[in-house]
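Engineer: Let's have the full structure, built from the sequences with the hints guiding it.
Those protein sequence lines, which keep their order, are chains F and R. The opening position of the first sequence corresponds to residue 1 in this note's numbering, with each subsequent residue numbered one higher. The opening position of the second sequence corresponds to residue 764 in this note's numbering, with each subsequent residue numbered one higher.
By construction, these hints were calculated from the structure, which means they are not laboratory data. As the structure is a prediction and not an experimental result, all values here were calculated from the model. Yeah, the Cβ is synthetic: ideal placement off N, Cα and C, and Gly gets one too. Treat the hints with caution; some may be incorrect.
[Stated by the list, open to error] From chain R, some residues computed to sit far from chain F (all C-beta separations above 10 Å): (1) S1016; (2) K1023; (3) S1047; (4) E1140; (5) L1419.
[Stated by the list, open to error] Have a look at the derived ranges for each label pair, beta carbon to beta carbon: (6) R/G1002 to F/H20: 49 to 57 Å; (7) F/P216 to R/E951: 26 to 34 Å; (8) F/L200 to R/A773: 43 to 51 Å; (9) F/H20 to R/Q1423: 49 to 57 Å.
There are 2 protein chains.
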Amino acid sequence: MYIDTLLSEADWLITEEDYHPEKNQFYETLFTLANGYVGARGSLEQGSQTGSPGTYFAGVYDPTPVFFTELANAPNWLNVKIVANNESIELEKGRILEYKRTLDMKKGLLTQIFRWEGAKGQITRFEDYRLVHLNYKHVALLKGVIVPENYDGPFVVKSGLNGYVFNTGVIEQLLIKHFKLTEYEDREAEGIYLEMKSRLSGISVGEASKLKLSVPSERSVEIDVDKITEVLTFEAKKGQAYEFEKYVTFYTSRDVEDVKFHTLKELNTRVDQGSEVLLREHVSAWEQKWLDVDVKIHGDEVAQRSLRFNIFHLIQSANEDDDRVSIPAKALHGEGYRGHIFWDTEIFMLPFFIYTNPRAARSLLMYRYHNLDAARENARIQGYKGAQFPWESADTGLETTPKELGNPLTGETVRIWTGEEEHHIVADVAYAVDHYYVATGDEQFLLKYGAEILLETARFWASRVQYDDRKKAYVIKKVIGPDEFHEHVDNNIYTNYMAKWNISKALEYIDRLKQKHTDSWDKLKKKIVLSSREIREWETIANNLYLPYDEKTKLYEEFEGYFKLKEIDISGVDSTGLEKIVKDTKWIKQADVVMLHYLLGDYFDQETKKVNFHYYKRWTTHSSSLSPSIYAIMGIEVGNYRDVYQDFIRSTRIDLDDEQGNTSIGIHAASLGGAWQVAINGFAGMRIKNGMLSFKPWLPEKWEKLEFKVKWWGETLNVAITHETVELKLETTDPTRTVEVNIGQKVWRIKGGETCVISVCSQ
Amino acid sequence: MYIDTLLSEADWLITEEDYHPEKNQFYETLFTLANGYVGARGSLEQGSQTGSPGTYFAGVYDPTPVFFTELANAPNWLNVKIVANNESIELEKGRILEYKRTLDMKKGLLTQIFRWEGAKGQITRFEDYRLVHLNYKHVALLKGVIVPENYDGPFVVKSGLNGYVFNTGVIEQLLIKHFKLTEYEDREAEGIYLEMKSRLSGISVGEASKLKLSVPSERSVEIDVDKITEVLTFEAKKGQAYEFEKYVTFYTSRDVEDVKFHTLKELNTRVDQGSEVLLREHVSAWEQKWLDVDVKIHGDEVAQRSLRFNIFHLIQSANEDDDRVSIPAKALHGEGYRGHIFWDTEIFMLPFFIYTNPRAARSLLMYRYHNLDAARENARIQGYKGAQFPWESADTGLETTPKELGNPLTGETVRIWTGEEEHHIVADVAYAVDHYYVATGDEQFLLKYGAEILLETARFWASRVQYDDRKKAYVIKKVIGPDEFHEHVDNNIYTNYMAKWNISKALEYIDRLKQKHTDSWDKLKKKIVLSSREIREWETIANNLYLPYDEKTKLYEEFEGYFKLKEIDISGVDSTGLEKIVKDTKWIKQADVVMLHYLLGDYFDQETKKVNFHYYKRWTTHSSSLSPSIYAIMGIEVGNYRDVYQDFIRSTRIDLDDEQGNTSIGIHAASLGGAWQVAINGFAGMRIKNGMLSFKPWLPEKWEKLEFKVKWWGETLNVAITHETVELKLETTDPTRTVEVNIGQKVWRIKGGETCVISVCSQ
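Structural biologist: Spelled out as structure tokens, the structure:
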């Protein structure tokens, strides 16, 4: 009656239609609201017995057993509870007469509506929305109405800041309390304040809130262990609607020195502005954002809504203003992987930001640059040179992959080797740097930061390889490739190829710097103490890296010995059983050779890609959420369309359908980016060819049109694809500004002010 | 004004005079109320930011990392909070105008009084008492008054059952949540109910409570995660006193099948009885109890109150009705040592129960008997025979000593060897069985249970020793004696002597059984499959156990090589530094040789005891709370009185003065028993000589009289000792019942109805 009028059209909405307590944690992840600075899981404001509330500030890590460090669960500010005529409203008790929660992705709102009947027959209607402000990153707001439908009586509304929260430990029963109370204060007319400090990293988090009602009320404040609650009481009359607003602000000592001062000042400012203004500015910021990032699929509402879900959470996860944080594998949406950062960011998510928000992409890469010294230290520890980016990264940039995972109760343990062996991450970061530079032309970034990453990673590989006398080539032994089913393998082709690429690319940039940016080159050479001898060594290595390829079959062997592995039947084996039996078989976890053929597409001919796609598709279990998207893209590239649409839908709905069964512990952030890539790099067939954008579209039959924008060297290109045409337009009307695009082996120069419609048949 | 009138005389009271939040956990231990079935730490009913509430049900263990299993912290029922005229009463905010908490040991009550002024100048007086019922073990009660001294306004009283509680893990920051919610229910007029189940051991705990006020009020119920709260609201008038009562009941699935039914039924019954009756019966139960157990010290109020503190907590810790639990090292008072059971029970606490409440003593020994199969399994695992009682024992009787203690955050670890090496516990249990039998004459226990323990422990030792060809004797290698500073030592004299005693005592009991209880002997022999050959082997071992003794110096070497250790200066080294540097020195943690001379006093001549006392006293750091009491007793025995009084006071006040700095995590239960032993076995000089009680008193100068009772073979002997006389009287007036007592090398036969005054000078 009130909230529903706020909502956008159906293809922007994700809805929870009934209340199932056992699904609370699943919806908490789907309904997480975030702005890159803070993420708040979509827990019920009323609390529940089954939920797992989480409030995570990007970069606020604290040491923890086994996992080294983790995003620390900060005080929960969602808390709004109602006691209606002496009856506490508890969804899990009484009768739910109506219930709906809706995530409005267009406006960045989460709404809740319910009608609830208590034991005494009292019926109460509750409606509210919440937002985590997209413009004002230190602000959140909850607003709603409560209606006692068939009774009068005293109403109590309680609004808490609750620091009695924990991270889940190695096993669910081990809870870790990262924050210690340092201060709470009843600020009376100004609201309430809670400040806590992370135990070992010593980061203070201040939270303030103010509860307002549309009617006069009595105010009091309750204190519990690590919790402060503002309580407003008034006499409610049957049938009348009472409005409440909860303003929340937060700062951490990562942002400002005087946390309390800023948190309270921000609260006063926002309360003065009022909820109407805050809502309007938030919605308009989101609508503005969508203008740049939306990917419109005409003719397929499920695909449309699902894809938007992925884009929505990508936007929520990055903070372009903070270049010391990156996006964790589960984003700010849950505690899976403990807030650690993997190649997921650079290879899966980063392209979305490169083409829609290059500033955010740059920030993500700067996170790696700031951790370059730590990467050097990682290399030194493992006995290598250069910079070795860690498989799992957090605040310090040192390796944070757990060595062993186990149940401390039962004593069962599994040794984790990825931190010691999954070295391809080093080349993946270098790849991302090159990708960003090629698509943006951000010379300043390249010279000041990017080149150093490219060279130091190349240097790592030069120290990582070893010369094999029998093979007469440089080999890379004992690694884990993207396919994590096989550990301690030699010459994983993905790793070897990316290493070679990394070194070659470094040499290429050295040449360019030498020629065009002598000053920068001299400075960099001196800084990293790089000699001509070392550069010659790199050349030798790059030219002689072991990259076996069977000319006859055109097959790349994923790693040495792969072809001799067993071919067993795994139908009927469940996912947990799988990992135990696949070690000696051909079954692979995810795209590996196929991934390589995607990333370094120019290095392989069409037939090779096709043959390998066919071969490895048969053995891929897609046990990783990073897999279906890559197979969808490459399926289109090699003309194997059979499973493309299904793989696309699967990758857009990994979380919506809880496909991996663990959405409850956070979103699959890599897959968010993967889904976007299927749309853009798959269906639109976008690639970079010789430094130029190219498109080679293929649309599912029922799609009428695919529309999106990409940023390219400072320009914004509008792309609309139908089965017959590709329509291109620059956002600028300035005819001197142009973008060259390759379609159908032909170069088209798009000028500002012109619309260029290219027939796909003309290819 | 209300509560103070309840209190007993000063020498029964322990008082907290001011509120210091940082001392909350210390007082929580001192003020724990328990009845052997349940223990509730003395946390503030109002809650606090610094407290660590604990509710432990004896025997309710649940698996936990590192420590195997632990007493699981159950829902906290203390919770009573007040919102006075919209201002939440928080001791830590506002001004405390008056504050006192008092433990009344005579009546088993904890009282609290405070006057508190809030920010608005409202002054509220609060007074209450709480009890954990001594008769009705499933019942607790809180009762008090609240007075708004200078204001009118709405009063809200909240009474919760709070399952949002945790055990502290390996490090403070790791919290373990053992209980999962299974049910909560608003029973309306009947109160509220909460039921939770321990995660892995699957034990249900039901708690119910009802809040009553002296005035009509509005009632509502609040639900939070794992918490249910009854809320009563009324309009309070200035200056008026409002009475509240909180009735609490609890059952676990260890006690009854239908936990909910019993918990609610008990609640109804107790509410119907009313608080007056419950209080009266509780106080009278305590007064009755004290008649049997009080030790009166005339002329020394500090000693009197301190000693009573020890006795009070001993009484609180045992449950004579449950012979499947024993008393943990920190009793039911805190989480130190995780609720595990050590030799502390048999050697330090048990004597108190043997002589004051033999039924409770028997229950404690039955706990060991019920775990005899587990002890056999422990022996088997370690490669031995017979029964090896574990160094740390919990619910299953299997070894629960952590193998390694460390900080999972820093990775620092310390290997713990006691579980593998501190084998003397096996003989200590056997010693306790013999002690109980000799003092009670409980033939039925001996035949059905005790003998089996004695024989199976002897059998353990026979498998544990090895023959040393050079020494021509049986040796025991690689043990830890009571002095835990020295690990992996050979031939610890305490261990060797106790092992020899254990085997010899078993052989003695075999002879007695053969002669007097042929049936029992035949049964037992068959049950444990004991052959004559094995018995002959035991004889050989007992006669040839290596017990080196220097006839000239009369010194026993604590273990092989001890005399050659370094003599370093440790003045100025703090307690944590100590453990690291003492390994290669003569410094010992606690009485070891001196302990042996106490326990097996008859085996050593007076001069030997004296020489060894002098020698080892010099090197004893008393780093264990188990040490000063033994030195006090033996100081009296060997006539070295200098430190006796001080060691006695120290042992009575280990917790009162937080002498070890860790009272916050639980009471030092062994020391409770040690303090009692100093009074009885030290000052009164009580021993068993040739199966007869003997006394050899020595009183500190300022003491006028020492009075106590001891149970002996079913009789109760009243003992009153002055500097000149020992006065003995039986509790019975039946002249046919007698007890023989040895005083001054003479046997006195005490008859029912007679008072026998023996001049100490006549010795």
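Engineer: Please go over all the hints and tell whether each is borne out by the structure.
Structural biologist: How the hints compare with the structure:
no., hint, result
1, S1016, "holds (19 Å)"
2, K1023, "holds (17 Å)"
3, S1047, "holds (37 Å)"
4, E1140, "holds (18 Å)"
5, L1419, "holds (27 Å)"
6, R/G1002 to F/H20: 49 to 57 Å, "holds (53 Å)"
7, F/P216 to R/E951: 26 to 34 Å, "holds (32 Å)"
8, F/L200 to R/A773: 43 to 51 Å, "holds (47 Å)"
9, F/H20 to R/Q1423: 49 to 57 Å, "holds (52 Å)"
This entry satisfies every hint, going by the numbered hints stated previously.
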